[in-house]
Each structure stands twice: as C-alpha cells, then as structure tokens.
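Build the complex from these two chains, which are given one at a time in their own frames, with help from the hints.
Residue-level listing of the chains:
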Amino acid sequence: MGFVELLQSIIPPALFFSAPLIFTALGGVFSERSGVVNIGLEGLMVMGAFVGIVFNLAFADVFGVWTPWVSIIIATIISALFSIIHAVAAVSFRANQVVSGVAINFLALGLGVFLTKQWFGKGQTDMVSQPFYTTDIPLLANIPIIGPILFQNIYVSSYLAIILAIVAWYILYKTPFGLRLRAVGEHPMAADTNGINVSKMRYIAVIVSGAMGGLGGSVFALTIALNFSHATIVGQGFMALAAVIFGKWHPLGAMGAALFFGFAQSLSVIGGGIPLLADVPQVFLLIAPYVLTILALAGFIGRAEAPGANGEPYIKGSR
Amino acid sequence: MTSNKAFNILVPIISVFIGLFAGAIIMLIFGYNPIEGYMALWQGAFGDLYFMGETIRQVTPLLLTGLAVAFAFRAGLFNIGAEGQVIVGWLVAIWIGISMDAPIYIHLPVAIIVAALAGALWGFIPGLLKATLGVHEVIVTIMLNYVALYSSNAIVRSVLSNHEDRTDNIAASASLASEWLQGLTYFSRMHYGILIALLMAALMWFIIERTTIGYELKSVGFNQHASKYAGMSVKRNIILAMIVSGAFAGLAGSMEGLGTFQHMAVQNGFTNLGFDGIAVALLGANTAFGVVLAAFLFGALKVGALNMPTEAGVPTELVDIIIALIIFSIASSYIIRLVVLRFKKGGSKWDSLNFYNRLFHRHFSFQPL
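Residue numbers (the working numbering), protein chains in the order written: chain A, 112 to 430; chain B, 58 to 426.
Chain B on its own, in the form it takes in the complex (with noise of 0.2 angstroms):
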C-alpha cells in the first residue's frame, strides 16, 4: 500500500512537473525552444546574485500570503480576501512610516505589528460573520478586497498625499531596506523581511503542531460538530483562524511597504499577491514547510519570468499559465492517486484511495457557497 504520506509528497511534485512540462509543450506551439525559455528563467531567477537579491524579495511575501491563506484552510476556511489584507497592511504600514518619528527599534516594529493588526481586523470582519451569523467567508473576503482597494486608493490620494498617485517615501527609521544586503546583491531590492518571513513560518508550524489553540484549529478544519461535542468554541478557533490568517496576510503588505518600494502608490489592480497565495498554500499541502518551498518555487517563477521576453522572446504570462495548470494538477491529485496506483502492482490500491479521498474531502471541504 502507497502511504497518505509519500502521495503528499509525490502529488506536488507531479503537479510541478505536469505544469512545466504543458508550458514546454506551448512554448513548442508557439514556436520559442523551451531549452532556452527555461533556461532564461533559470538565469533571471538565479543567474547571478542581482537576480537572487530579486527572488528572495519576492518570494518573502508570497510566503506570508501563503502562510495566511495555509493557515485558514488548516481551519476549514478559505481565505480568498489575503489580497485586500495584504493592501491594508501595505497601507498602515506607509502611514507608520511617513507620520511617525522614532528611533528604528521602535519605528520599525510598530509599522510592522500595526500593520499586521490591520491585516487581522480584515479578516476578523469575515471570521465574525462566518461565525456568528454562518455568512461564508469567501463572498465577504472577495467584497472585503474591493474594499480595501478602492479605499487605500482613496487615502494614498486625500490623506497620504496631497491629491498625488504615490506617497511620500517612509522615514529611514521604518525601513527594512538594508544597503548591506542590496550591495552584496548588486543593488537588488532584497531586505531583512525574508528573516520575518521565515520566523512566521515557523510560528505557524509551532502554532498548528505543537499547542492546543493549533490542536483545536485542526480539529474545527476537520470536523466542526465532533470539535463541538469534544467542548471546543468552534465560533472562537474559526475567529481566530481568520485573525490569525489576515495578520500574516497585513505583514506580507508590510514587506511591500517597509521592504521592496518604501511607499505606496495608487493601485490600479490587484497586486495579486494574495491571489498567488493560494497557489503557494495549495501546492505547499498547507504546511508551514511547505508553503517555504512553494514560495521559493513561485518567487523564482515569478522573478524569472521577467527575463523570458528578453532572453528567449517568451511573454511572462506563460509562467501565469504554468501556475493554474499547477493547481488544477493538485486540485485533480485524485486522478494523479489513481494513475500512480495503478501503475503499482497489487491489491489493496481501492483501499489507500478510498483512505485518502475521504481524507482529502474531509481537509477540504467547504460549506456550499
């Protein structure tokens, strides 16, 4: 019999490939060689150490919004508002840095935590209503997002500048920019938020594995009426889920603001960091370890993609196309399971299956939109 285990392993993995492998085909039929199409997102990624310093940057936020969006589903909820806790947290974060004046040590952790604070009000207000009044959280937190939207848009516009797109630059104070790491990266945007990025990550997994409020969390994502008969508050561990959830969404808006640009400017989409966490947190199996690898992956994938035009003539957008194929790939690991099992000699393969798919709809299922 296959594990539960090395399927988790093995699925991703297959996924990754299926992805890679379709976007070689398209590259084919549009007639790019996708030795080279590759190999330039291989070189824009981790060509040298420019591009490092880039991916690093750009794969510290997503790994917070993966974290988020990980940690509510480890809940039973889905967490599709990352996006608008990410732009609240960039936000408050900016509003520290230009309007206060302090010393770094403490400029800089209250920016940080403030905005993180901003993040999770924006998802308690779903969590709330999921809780109280059974209102499912992924209408609200795709309303929530629109929200958040156009009103940072308003404020960076009347409050934070004067009827201008962008905000001033934070003071130096608030800054995570460090000129030790971008010189070591030939001036690259990377900055000490990876080190925050990583320490969450490690949070959650302490959080989920090792403590009751992640035993409980755990145990409403499984099975909210056992949690409930066991004496659990399934309305508290599905509030603090989503609180939980928005905080690490608002620090990955912090990263943005403090870290990469130093200000905020009016926004005229998503930034869709919130949108790629989903993917960070599916393919990452919603583990903290996971998600690490996962947005080390789509960090380069994004980072790379930019030097495809360039290098290879391929527009960046079949990296986009690579990443749905990716998820459909794990959303279907059903048929992957099936595909493997039979390529296995031997009985028992209904068995395993039937094991997983009634774990698998049990980790993911949702109440009915």
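Okay, chain A solo, but in the shape it has when bound (with noise of 0.2 angstroms):
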C-alpha cells in the first residue's frame, strides 16, 4: 500500500467521523465561553438525531434529495428551542449548571424514545431513504495527490463543521458580541457594570449550543446511524465535551481536538485494512481516544484554564 493510498484511506473516514463532534463541540466552546458548564451536550445531539431522522422519513417524499439538508436545519431549530430548558435552569432558576446539564441528557433520551414508540410503535425508526451520500467535490477532486485524499468521496458536512469553525472563532475573537460573550463569562460582574446583560448573552450562548449540539447530532444520524434509537447517540456529546475542554474553549482547538477523536474514532472501524494496525486488538483502537483523552489532561496540553466564571450562576448585587 502507498503512502497516498494509506491517506486516502484515512483521512476522509477521519473526516467524516469529526464533522459531528465538530458542530457539537463548537456549540460547547459558545456555552461554556460564556459561563454554563454544558454537560447536555449528549441529550442536545440525541435531540438533534431524533428530530433530523424523523423529519427525514416524514418529509423525504416532499423534499426528495434536499430532505437531509431540511432535516439538519429542521434539527438545529428544535434542538436550539430544546435548549432553552438548560438556559432557563442554569441561568434564571440559578440550578446547578452540571446536574441540570445531566437532567438534559435523561430528558431527550425519554423523550426521544417515548416518541419514537409512540409513533413507529417500536423502539427504533426505520432506516432514512434520504441521508447524506459521498460526493466529489468538482474541479478539487481533480488536483492531484490532495484531490483524493481530500475531495473525493467526502461527505459535504465535513467541509460544513470546518467552515463553521472558522466562522465561530471569528465571531468569538473577531466581533464585539464575541467579546461580550467571553467577558459575561470570565467576570459577570464586571460585564454587568459595563452594561452587558448577563443573562441575555448566556441565554444566547445556551442556544447556540443547543443548535449546534442538533445539528451535530442530526448530522451523525444522517451519515453515520441512518435510524434512531436510544443507542444511536452513545457518547459523542461526551466525546464533544471533551473537546471542549482538550481543545481549551477555543473553536479552532475544539476543532484540532475533535477532529483527532474523529480520527481515532475512525481506526477502529478501519484498523484491519492499515498494515501497522491490522494486528493490534480491536479493543485498543476502541479505548484509545478515551485513554489519550486523560493522559492529554492529566500531562500533555498543560493546564487548560477554564473561563473564570463557568459554572457559577451569576446573581445580580452578590459579590
């Protein structure tokens, strides 16, 4: 096997497994940035791939080949309204930010489940008849070298999660909501004093993090699991979050963290076909974004420093 070969069977596999940590993570560098620990963001991404799969079998009759594409928008919208329920806990109720983030989770799986039982009378859907497919992307896919690593049989959400990576750094770092945003999260007060409602831009970062924790999930669904069930989404919201944080609430780390968990996601599915691996148990491939997670933590990136305020609720007047 050539070298350009063992890349293009790694890199797009890689790819196509990031995209949704991506979305997810990006939403969890938005929530906590501004001061609410998200550990919803597995019940977000449940959410996301209930609704984008049972939108897609509702409406794949209507929509024909732009049912995925309505389906994650539809997702991001439900999902981002979902949200609000951690927004309206964490920030108005002053609930603690991680057992509410906890009771997300058990929400959407319920409801997730309860619903689909409800409508298709088991306990998981049907396969989707409309989900994304692989492309080539026109005229990169003929550069050579780089054009089949990197833009043949891609699927677009890839290039997607990456672009709004981009755009979320520059909205973070770039803008002065961005800055607002930062600041309600490393001293409220402080924002209070200069006029900034508090409240208002962590309801905002909430929200974006419920859409992108959707639209997350509804991509994973629509590319990867193709059906929903309460073991569609098991795990990557957690895997997301530790992107998050592996990533040090930066968008562009979140991206770089998720897209080496996608990556490691991806050998254990395609170990057997890559010589240096092939003899490697499977069950260290399966474990190893998960070991490297907290040997990361615990030694390599050095100390993350989280925003000064997150997780505590920020109570007018109280010093």
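What the hints contain is simulated information worked out from the structure, not anything from laboratory work. Cβ coordinates follow ideal geometry from the N, Cα and C atoms, glycine included. Treat the hints with caution; some may be incorrect.
Here are the simulated DSSO-like pairs of lysine-lysine, each with C-alpha atoms no more than 30 angstroms apart in a straight line [unchecked claim]:
#1 LYS427/A x LYS275/B
#2 LYS275/B x LYS285/B
#3 LYS359/A x LYS427/A
#4 LYS401/B x LYS427/A
#5 LYS285/A x LYS228/A
#6 LYS285/B x LYS359/A
#7 LYS292/B x LYS359/A
#8 LYS285/B x LYS62/B
#9 LYS62/B x LYS427/A
#10 LYS311/A x LYS359/A
Label-pair ranges, simulated between beta-carbon atoms [stated by the list, open to error]:
#11 PHE263/B x ASP237/A: 53 to 59 angstroms
#12 SER230/B x GLY113/A: 55 to 61 angstroms
#13 VAL402/A x MET157/B: 25 to 31 angstroms
#14 VAL380/A x SER230/B: 27 to 33 angstroms
#15 ASN61/B x ASN308/A: 50 to 56 angstroms
#16 VAL380/A x MET157/B: 50 to 56 angstroms
#17 THR245/A x LEU190/B: 55 to 61 angstroms
Not everything, but these chain A residues come out facing chain B in the computed CB check (under 7 angstroms) [what the hints assert, rightly or not]:
#18 VAL210
#19 ILE248
#20 ALA252
#21 LEU396
#22 ALA399
#23 TYR401
So, in structure tokens, the structure goes:
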C-alpha cells in the first residue's frame, strides 16, 4: 500500500467521524465561554438525531434529494428550542449547571425513545431513505494527490463543520458580540457593570450550543447511524465535551481535538486495512481516544484554563 | 422563617410531585388515561409478591450507586464514573465467581470484596488525577466509563468465554441468590444483596456523621481552602472520597453479577445504574437515609414502568422523562424555595433565601469544567 493510498483510506473516514463532534464541540465552546457548563451536549445531540431522522422519514417524499439538508436545519432549530430548558434552569433558576446538564441528557433520551415508540410502535425508527451521500467536489477532486485524499468520496457536512469552526472563531474573537460573550464568562459582574446583559448573553450562548448540538446529532444520524434508537448517540456528546476542554475552550482548538477524536474513532473501523494496526486487538483502538484524553489532560497540553466564571450562576448584586 | 431543614424535606417532595404531575400531563396529551397509567405503574411495582421482589432487586444496585455518587458529592466531587465502576465491579465479581473454587463462606465474600476493590481502583484514578494534577474528575470519570465498557466487553469475549457473548454462570458458592427469597416472591430474582446495600447505607451514615474522616470529607466539600488552613490534607481526602465512592459502585456491580444475573454478557451500552445513581443521590439530598428512600422510589418507578406498556399502553420511557423532570426540579430548587416563601406571610424571606443560597452553592460548588 502506497503512502497516498494510506492517506486516502485514513483521512476521509476521519473527517466523516469528526464532523458531528466538531459541530457539537463548537456549541460547547459558546456555552462554556459564556460561563454555562454544558454536560447536556449528549442530550442535545440525541435530540438532533431524533428530529433529523423523524423529519427525514416523514418528509422524504416532499423534499426529495434536499431532505437531509432540510432535516438538519429543522433538527438545529428544535434542539435550539430544547436547550432553552437548560438555559432557564442554569441562568434564571440558578440551578447547578452540571446537574441540569445531566437532566437534559435524561430528558432528551426519554423523550426521543418515548416519541419513537409512540409514532413507530417500536424502539427504533426505520432506516432513512434520504441520508447524506459522499460526493466528489467538482474541480478540486481532480487535483493530483490532494484531490483523491481530501476531495473525493467526501461528505459535504465535513467541510461545513470546518468552515463553521472558522466562523465561530471569527465571531468569538473578532466581533463585539464575541467579546461580550467571553466577558460574561470571565467576569460577569464586570460585564454587568459595563452594561452587558449577562442573562441575555448566556441565554444566547446556551441556545447556540443547542443549535450546534442538534446539528451535530442530526449530521451523525444522517451520515453514520441512519436510524434512531436509544443506542444511536452513545457518548459522542461527551466526546465533544472532552474536545471542548482538550481544545482549551477555543473554537479552532476544539476543532483540532474533534478531528483527533474522529481520527481515533475511525481507526477502530479502518484499522484492519492498515498494515501497522491490523494486528492490534480492536479493543485497544476502541479505548484509545478515551485513554489519550485522560493522558492529555494529565500532562500533554499543560494546564487548561477554564473561563473564569464557568459553572457559577450570576446573582446580581452579590459579590 | 422557614427553616432550612424543612426545605430539605420539602424540595424533594415537591420535585417528585412535579415529575409525576408532568408525567400525567404527557399521558393526557398522548391520549392515555393517567390514572390507568399510574395504576399500572403501581401494580407493576407492588402489585404482588413477585413484583415486590423485582422492585427490591432493582433497588439494591441503585441504592449502592446512589451512595457512591452521594459520598463523592459530600466531598465536593461529582462522580459521573459510577457507571464504569459498576461495570468493572461486575466483571471482577464474575471472574472470581467462575474461576475460584471454595466454600461459600470464603468464595462469596472474596468475590464481593474484590468487586469493591475493582470499583475503588476505578475511582482512585480520577481521585489521584484530581488531587495531584487538578484534572477535573467529571471528564476523567466519563472517559473511564468508556474504557470500562469496551475493555470488559473484550474480556468477556476473549478471556472469560470462548468468543461468545456471555460468560458461564458463576459457581453456586459465589451466588447471592436465595431459593428461600425466590420461593417467597413467586420466583422473582430477589437476592440477599439488599441486606448488603442497607448495611452500606448505615456504614456511609456512620462514616459521614460519626467519624473524623467523615468530618474532614465534609469540610473539604464545603471549603477546600479553609480545610487546608485547618491542617487537613485536601489531596488525601479527595482521593479517599473517590476510592470509597468507587467501592460502593463496584459493590453495585457485584450485586448484578452475583445476585441478579449470575453471569456477565457483552454490554451493547451502559447499564445506566451509575447515571441513575446521580438522580438517586440528588433526590436523596446526598444523605444515607435520603438515598435509601430515593433508591426505593426510583427502583419502584423503573420496575413498575415495565408493566405500563402491557396494562396501559404507555411506553416505559415515560418514567425516564419523569425522572429527568424530578432532577430539573431539584436542581432548580432555588425557584421552588422562592415560590414557597412567597406563599408564606411576613418578612425575612430574603434572609432565609440568601442563607439557603449560600449554603446550596457551597454544598454543590464544583470547580469549572
């Protein structure tokens, strides 16, 4: 196997597995940058996957080949609305944010499977008829060497994820809105004194995380899982959360971490075809991303600084 | 002034009520009769001796994972890893149960103790990393859950069985099952584990309320800096709390292995015992007695829910929604307190509210992720 073929068998699957993690991790970055811990990313992905699949099944005849695109948009909107529950609890009701996030995870899975049984009469939906398919990107696919590695047999959603990461970086670091959002997460009292509405900023950030989590969940469902059951999203949300921390709460860092996790996840799928990895028992490839995360947190990446006010409800007038 | 103690009892009761009420509304929306639904739930949990036996069987591991999460909570730590600790406890208990040959008074205790040790080891890792390197325990425990899940599956497949999906049954000398209890409950899977679980609840109460170790743990949970200034070793206490927490969860795993199932199968996903333990601990206000009550409630809800589809047509997941709403309500207890205080006449409401708020956030203050 030549080097180019090797890359060709590694990179497209890595991108494919990374995309949902990138979307969701970006949502996590927004939420945590505003000072709201979001362990509920898993639940937001579950909601996105559920809505994406159900919408796709119901409207495949109406929208034809555009169905997956419309599905992820609807899933994004519904998950954004769903995340308002976390925002109300964490911001307005001063709930402990970790606990509220845990409840989001319970609620999304409970609702998703409940409604699935309600509408489909069984614990899982049918397979969707209109998932995302791989495509070759016109023109770019014809570039020698790079084309076959990066632009052939690729899911467009992978590129969307990378573009959105750059957009998120721009918004957070180059716009007044981003500055305010980060200020609220670092020192809400100072931000408040300067006339920034802390609650409003945090609501927006949590809703953005809901939208991105829903996008991630629906992209996962429509590229990888293709149906919905209680076992569709198992841990991708937590992986995304790890990517947020691994990436030091920075959109591009989170994207890098998500790409790494996607690569690690794809290894357990494609490992058999790669000479060096063919003899490694699959279990080691399966646990690799988790062990590496622990090792990374324990040493590699140095001390990661969380946003100053992360996890603290802001109570006006208190010190 | 409404005392804090009264609130500590009121909030869980109101939260359970909110959860059940919302469940009733959901049933109405989807065209079910909520009375029928809840009757089916009640029947399924307490309808006859068989259902009661099954309920107690379900309560046993939930009680232990609830204790695990609550114990860590008391030291200011959030153990999301009870799930992984359950899995390693289960695996090791089965391992001993299959491979050892000894009379029951040696075999069974060894299997149980080794399971607790395995859970303790799985709790020690995040405890150590938190204490020495400041790595947040939530992330490490989440990651360790997956490591436990995938490695135990691999071990069940290729070490404990010959590439099959489950192990053999354990030897009778390692079993917690009892013909007497089964006969008493029309052959439910109830086993002696409930006695161990209740004993552990008493042990947790004793450690927390009556020993210096417990005092230090609580102190560290309230304020690490003050504890350090008072001469306590914060690091040692963090590690100790995670070890004990993990041991409780490991025991929960041994209950499933040695009591209920007598074997271990390849797990397609998590057992959810650890995650449900979070709910149990929260509802039980992190006290041993509260956890016992909460474990019985959630055990009854989980087992009773299995009866809902056949008797009332309601999907069992309704109970998961109810549990989620109960957790939300407890997490949002600030607003419950506010509303309760509004209903009470007279001043001083802000005083007691602010007092409570400070207490609550100290009690549940986690370092940011």
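Hint check results:
| no. | hint | in the structure |
| --- | --- | --- |
| 1 | LYS427/A x LYS275/B | 29 angstroms, holds |
| 2 | LYS275/B x LYS285/B | 13 angstroms, holds |
| 3 | LYS359/A x LYS427/A | 28 angstroms, holds |
| 4 | LYS401/B x LYS427/A | 24 angstroms, holds |
| 5 | LYS285/A x LYS228/A | 46 angstroms, violated |
| 6 | LYS285/B x LYS359/A | 29 angstroms, holds |
| 7 | LYS292/B x LYS359/A | 25 angstroms, holds |
| 8 | LYS285/B x LYS62/B | 28 angstroms, holds |
| 9 | LYS62/B x LYS427/A | 26 angstroms, holds |
| 10 | LYS311/A x LYS359/A | 24 angstroms, holds |
| 11 | PHE263/B x ASP237/A: 53 to 59 angstroms | 54 angstroms, holds |
| 12 | SER230/B x GLY113/A: 55 to 61 angstroms | 59 angstroms, holds |
| 13 | VAL402/A x MET157/B: 25 to 31 angstroms | 30 angstroms, holds |
| 14 | VAL380/A x SER230/B: 27 to 33 angstroms | 43 angstroms, violated |
| 15 | ASN61/B x ASN308/A: 50 to 56 angstroms | 32 angstroms, violated |
| 16 | VAL380/A x MET157/B: 50 to 56 angstroms | 38 angstroms, violated |
| 17 | THR245/A x LEU190/B: 55 to 61 angstroms | 42 angstroms, violated |
| 18 | VAL210 | 4 angstroms, holds |
| 19 | ILE248 | 34 angstroms, violated |
| 20 | ALA252 | 36 angstroms, violated |
| 21 | LEU396 | 9 angstroms, violated |
| 22 | ALA399 | 10 angstroms, violated |
| 23 | TYR401 | 4 angstroms, holds |
Hint compliance for this structure: hints 5, 14, 15, 16, 17, 19, 20, 21, 22 are broken, all remaining hints hold.
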